[in-house]
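Enquirer: Listed below, chain by chain, are the residues.
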Amino acid sequence: GEDVEQSLFLSVREGDSSVINCTYTDSSSTYLYWYKQEPGAGLQLLTYIFSNMDMKQDQRLTVLLNKKDKHLSLRIADTQTGDSAIYFCAPIVAGNKLTFGGGTRVLVKP
Amino acid sequence: DVKVTQSSRYLVKRTGEKVFLECVQDMDHENMFWYRQDPGLGLRLIYFSYDVKMKEKGDIPEGYSVSREKKERFSLILESASTNQTSMYLCASSSRTGTVHYGYTFGSGTRLTVV
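Chain order of the listed sequences is A and B.
Numbering follows the numbering used here, with no gaps: position 28 of the first sequence is 29.
Numbering follows the numbering used here, with no gaps: position 57 of the second sequence is 72.
Just chain B, same shape as in the assembly (with noise of 0.2 Å):
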């Protein structure tokens, strides 16, 4: 079963600490996607890559930063984590050529307190 795999359900972690969120798929997708959800809000736009060691802001990028360095893995970085950062943050993948018969994929996602 395809799958995208985040690395921890669960986080608490104090303000101005360094938060990596950790994800993994195997599908061999070119593209990946980091969402925030938050209610009412819907899923925002963090960054986005479509392909290996590049990135792009998507909607909300500040305080945030990305790391590529293989096509499987899309880590999401918070630099100094501060308590608007709480949230539940969702990876995606997709493929070049299958995005728009297949839309994305998601993880589970990983909701982080930051206290």
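Chain A extracted, bound-state conformation (with noise of 0.2 Å):
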């Protein structure tokens, strides 16, 4: 089945910009996937980009797709309190089915 890493945690001053990399193993995965998910809440999707894209910009968010490498990054510019929360990597595998990193949990220092 398909594995997905993420590192643990993220630290980042407000202001500047982050950035989440996320591996997977699956090629064939078409649809990858950012959540967010603020403290006591359930998950809530950021954004995601199809795989025959390198690149996919919405507002702050630019989400990087490195296909050959299986490397996906979400990068926050501006980064705010708001915004402090984990983030969740998921790639779609067979049967529309998503499979869940471990998360990043970005603290944003004031």
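FYI, nobody ran anything at the bench for these hints, they're computed from the structure.
Covered stretches of chain A (chain B as the covering partner; in silico rule of three or more C-beta atoms under 8 Å from a C-beta of chain B):
1) 33 to 47
2) 86 to 96
3) 102 to 109
Cβ atoms here follow ideal geometry from the backbone N, Cα and C, with glycine treated the same way.
Since each chain comes alone in its own frame, lean on the hints to assemble the complex.
Expert: Spelled out as structure tokens, the structure:
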């Protein structure tokens, strides 16, 4: 099955850029998603990228996909305190199921 | 506002009890999922369902069962709760045709403590 790896923790200063990285193993993943989980809440879809794209930009969010290396990243520009959360990478696999990474906890310091 | 609702935010149960976690969605979604979330382990799929009365095992089904008698409701059952089932449980749903563009919609989670 699909294995999805993320670093556990990222600390960033308010106003700086955050980069969250993800690697996956299933090269047939056609869509790859980023979810955000705020404390005490469920997961909220942030953005996604189709596998034939290298980059997708959505306001402060930039998703980069290196399909050859099976590497996905999420860049958050001008990081704010409200961006403190856990971020999950989730490629889609056979049967339209999502496989989630372990999540990266982002802490934004003032 | 479309929604996935989990009936309880917090539950405390005793070892050996039968526990029911309820999830209801109002989006007419065909697919429903139960995950558990543990620190450092991310989300692990317990069971899922692609239709009424249909269920499939996920990655960690042991100790759990599910019921889907109606399209909008997907119940997770802990037959005999144990302390290692203390966790955050997340329900999600998606439409058969919309999954690729909209992903899953998640409930707020139920934090279950088994004592």
